[in-house]
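> Okay, here's what each chain looks like letter by letter:
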Amino acid sequence: MVILILKIYVWFVILLTSVYIIRQFVFSINRLLGNQKMYYQDIFDSELPPISVFVPMHNEELVAKNILESLINADYPKDKIEIIPINDHSTDGTQKILDEYAKKYTIIKPIERNEGRRGKPAAMNEVLLKTKNDIIIVFDADYMPPKGILRDIAVSFTDPEVGSVMGRVIPENSATNLLTRLLDIERSGGYQVDQQARYNLGLVPQYGGTVGGFRKSYCMGPDAKQCFDPNILTEDTELTLKLFISGKKVVYANRLECYEEAPEDFEVRGRQIKRWAQGHTQVLLGFIPLFIKSKNITFLTKLDGLFLLSIYSLPPLFLGAIVALLVLFFAGEALYTLILPLFFATIAFNAFGNFSSFFQIGIATFLDGSTYRIRILPFMIINVFYNAFYLSDGFINAFANHFLGKASVWQKTERFRKS
Amino acid sequence: MKKTIIIILIILILGLTLGFAYNNALLRGNTIFILTALLYLALFTLPLIGAFYELFKPQDDKPLFINQGFTKDPFYFYKSFQNLLCKNLENHSKAFDKVEVFLSKKETIEIATNLKACKKSVSENLLWDKGSLSTKENCVFLKEVFVSQNAEIAENNTFRALAVQGTANIADGVHIKRWFSSEGDITIGKNGKLGISLSSKKTITLSQNCEFKSIYATEIITRPDKSHGNIEKLFSERLDKLNLSDKKNILDIEADSLIQDNLITIKNLVISKKDIFKKSIKGHQTVLLKEGVKVSGNIFSEGDIIIGPNCEISGNIFAQGEIIISRGCVIGQKGKIKSLIAKKQILLDSNVKIYGHINTHGKGLAL
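Top line first, the protein sequences correspond to chains L and W.
Read in order, the letters of the first sequence are residues 0 to 418 in numbering that gives the first Met the number 0.
Read in order, the letters of the second sequence are residues 0 to 366 in numbering that gives the first Met the number 0.
Source of the hints: derived by calculation from the structure; they are not laboratory data.
Heads up, the beta-carbon is just placed ideally off N, CA and C, and yes, glycines get one too.
Check each hint, because a few of them may be wrong.
Stretches of chain L that chain W covers, calculated by requiring three or more beta carbons in the stretch to come under 8 Å of a beta carbon on chain W [said to hold, decoys possible]:
| no. | region |
| --- | --- |
| 1 | 151-162 |
| 2 | 170-180 |
| 3 | 252-263 |
Residues from chain W that keep clear of chain L, each with C-beta distances beyond 10 Å, as calculated [claimed, not checked]:
| no. | residue |
| --- | --- |
| 4 | Ala-41 |
| 5 | Leu-63 |
| 6 | Cys-85 |
| 7 | Thr-107 |
| 8 | Asn-137 |
| 9 | Asn-149 |
| 10 | Ile-195 |
| 11 | Ser-244 |
| 12 | Gly-291 |
| 13 | Glu-301 |
| 14 | Gly-327 |
Pairwise CB distance ranges, derived in the manner of DEER restraints [claimed, not checked]:
| no. | chain 1 | residue 1 | chain 2 | residue 2 | range |
| --- | --- | --- | --- | --- | --- |
| 15 | L | Phe-365 | W | Asp-251 | 42 to 48 Å |
| 16 | L | Asn-34 | W | Ser-103 | 31 to 37 Å |
| 17 | W | Lys-71 | L | Tyr-8 | 50 to 56 Å |
| 18 | W | Lys-333 | L | Ile-71 | 28 to 34 Å |
| 19 | L | Lys-405 | W | Leu-38 | 46 to 52 Å |
| 20 | W | Asn-242 | L | Ile-21 | 33 to 39 Å |
| 21 | L | Glu-413 | W | Lys-240 | 54 to 60 Å |
Given the sequences, and given the hints that come with them, work out the whole structure.
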């Protein structure tokens with residue numbers, strides 16, 4: 000009986016992974032050969048909306064100056080912009096830098112938080128209550144916004160259905176080590192192919208919480224006290240779901256590219272993706288019934304949303320399948336141990352690695368006109384196995400916290416910039 | 000760290016594969032298992048050769064390029080060309096001359112004042128006319144032309160690119176291959192092919208059958224000639240296609256309605272005569288406006304946008320399909336810049352006025 004259950008379990012995982020492969024394959028073909036949906040960047044509009052640019056910061060003295068300089072030099076009417084760096088419980092020299100800039104530039108209006116719950120959702124909730132502008136643009140502190148990006152994000156909100164917009168993230172430190180090189184191609188696949196295809200097909204492009212923006216009025220009603228649940232670790236995924244449930248849209252803009260600093264250390268990266276897995280799963284547990292019931296969403300969009308939110312279930316299922324195979328091996332089911340690992344490895348190799356299947360990465364590097372970086376692709380197997388442990392940890396944690404009613408703890412991603 | 004991970008990885012792959020192969024070969028007593036495993040191992044490790052090579056001798060590890068200083072500027076080409084001339088010919092004072100400069104390659108700039116180009120003449124060099132340029136029929140300018148005053152261009156001329164500081168009168172059948180920009184008014188004759196970018200700081204007037212991709216001006220006008228009925232025919236065809244009796248897929252707004260809020264619909268949307276919208280419209284399929292509709296906000300569609308005669312749209316119009324604008328329509332407002340953007344094509348009837356910008360990935364045509 001146990002053997003039969005294990006066999007069924009292994010085949011279920013293979014089946015589920017195969018469905019994800021088909022999904023990724025459809026996206027890749029759409030990006031390569033399908034009809035590409037236009038973003039709004041070609042719109043010229045002399046009546047730009049007033050915007051608030053949020054930069055959540057926790058111990059960001061290494062990067063604070065860079066992002067403030069970029070935002071000051073942005074091509075946006077100075078009477079229609081306020082830059083709000085949110086210093087969230089920093090213990091380093093971040094506040095000193097913010098004070099210096101606030102003295103020099105009136106459009107910089109820093110907010111210091113030393114009380115209350117720490118974390119991006121809680122910090123943004125507090126500041127959302129203080130700002131009057133409806134259009135909120137968000138950059139993490141390690142980002143380097145190009146001069147024209149604010150204008151190109153803001154014009155998308157001329158479409159009344161747009162609740163949020165997401166740009167493309169590109170690591171500026173790709174050459175640093177093997178990890179940053181892998182993250183570089185992974186990001187290419189995730190944005191250039193996956194996000195664009197989901198936008199093309201009218202599915203669920205995801206707001207990523209940075210290099211993008213959202214409409215405050217669609218996120219919180221006039222009497223609401225918060226936009227984000229402070230307990231959810233991925234406020235971006237939460238917002239994406241909330242917008243779709245209320246019949247609004249998230250648009251993806253592949254041409255709105257912005258440099259970020261990718262983690263240079265495997266452990267830092269591990270913690271980052273663990274947070275993503277945990278937050279994503281929190282949203283799955285909290286919002287999926289509403290998402291499925293919503294009359295504002297088509298069947299295909301619901302299906303895609305379900306796949307999107309369940310993606311972090313794959314690593315624990317995958318690890319479980321390896322254990323099941325080992326048990327089958329010692330139970331004398333040698334055929335399973337010979338055939339299935341090969342089959343299974345192929346599937347796992349193609350299926351996950353933070354949304355970027357290898358097929359997608361190949362097409363993305365081709366579309367980006369990169370020549371030799373694709374050679375590094377086979378090393379992605381390191382990420383697949385390494386990520387599996389952290390993602391499983393995050394996924395299981397989310398379930399445990401959900402059912403035990405425990406609060407989650409925000410963990411900041413460390414910075415590596417030298418100057 | 001990097002090397003340790005790689006070594007562990009190799010040992011893992013080799014160990015696991017050979018382990019499975021050995022065990023199963025023993026169990027089955029069949030060499031086919033060993034051969035299969037070895038084949039798998041070879042297929043698995045071959046791609047790693049290139050990966051190792053790229054890791055230790057990187058050829059493509061720099062970040063993807065982002066132009067950090069980029070901002071949209073409809074006069075980008077004009078300004079670049081003007082800067083280039085200023086930089087290379089700053090102290091030049093002769094009325095006629097030829098100067099060799101090194102741009103991306105060695106180029107000759109011809110300098111002239113009030114040049115009158117002869118019929119069928121061919122200019123192979125960059126040209127800077129310090130005065131006004133006038134041409135006869137069928138002239139060809141293979142390189143960029145900069146005119147410091149006005150330009151009077153005769154029929155069937157061909158330009159690679161043209162920059163004019165004053166006004167420009169362009170006769171019928173002129174072909175611009177790349178871009179055309181002017182600080183003054185531009186008037187274009189019939190059957191013009193207007194390249195990838197046409198811009199003016201004042202007014203652009205288009206005649207019948209002009210083809211374009213992108214136009215930017217404070218005011219864009221299609222000549223108020225007698226309508227040839229092409230757009231009326233297209234409008235009727237599109238309206239018939241919508242099948243108004245199919246209530247499940249059509250949202251039909253009654254005539255003379257006043258809509259105060261944004262309207263968003265997943266159905267085809269038909270807006271009747273003289274309706275007034277105080278805010279914006281978003282349709283997931285075709286959005287069709289009948290005669291005399293007024294919209295204070297923007298119109299967006301995932302499909303086509305078809306606008307009937309004499310409508311006034313104060314905001315932007317954006318379609319993932321095509322846009323058809325009928326006679327007498329006004330898009331945008333004087334003194335403001337708004338956009339008319341369609342992915343597939345834009346068709347403009349006569350006597351249409353647009354304040355701002357037109358852009359299409361497909362074909363733009365003034366009918």
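> Next step is simple, just say for each hint if it's right about the structure.
We went through each hint and held it up to the structure:
no. : hint                                : in the structure
1   : 151-162                             : holds (count 5)
2   : 170-180                             : holds (count 8)
3   : 252-263                             : holds (count 3)
4   : Ala-41                              : holds, 13 Å
5   : Leu-63                              : violated, 5 Å
6   : Cys-85                              : holds, 23 Å
7   : Thr-107                             : holds, 33 Å
8   : Asn-137                             : holds, 34 Å
9   : Asn-149                             : holds, 27 Å
10  : Ile-195                             : holds, 13 Å
11  : Ser-244                             : holds, 24 Å
12  : Gly-291                             : holds, 23 Å
13  : Glu-301                             : violated, 8 Å
14  : Gly-327                             : holds, 24 Å
15  : L:Phe-365 <-> W:Asp-251: 42 to 48 Å : holds, 46 Å
16  : L:Asn-34 <-> W:Ser-103: 31 to 37 Å  : holds, 35 Å
17  : W:Lys-71 <-> L:Tyr-8: 50 to 56 Å    : holds, 54 Å
18  : W:Lys-333 <-> L:Ile-71: 28 to 34 Å  : holds, 33 Å
19  : L:Lys-405 <-> W:Leu-38: 46 to 52 Å  : holds, 50 Å
20  : W:Asn-242 <-> L:Ile-21: 33 to 39 Å  : holds, 35 Å
21  : L:Glu-413 <-> W:Lys-240: 54 to 60 Å : holds, 58 Å
The earlier numbered hints that this structure contradicts are 5 and 13.
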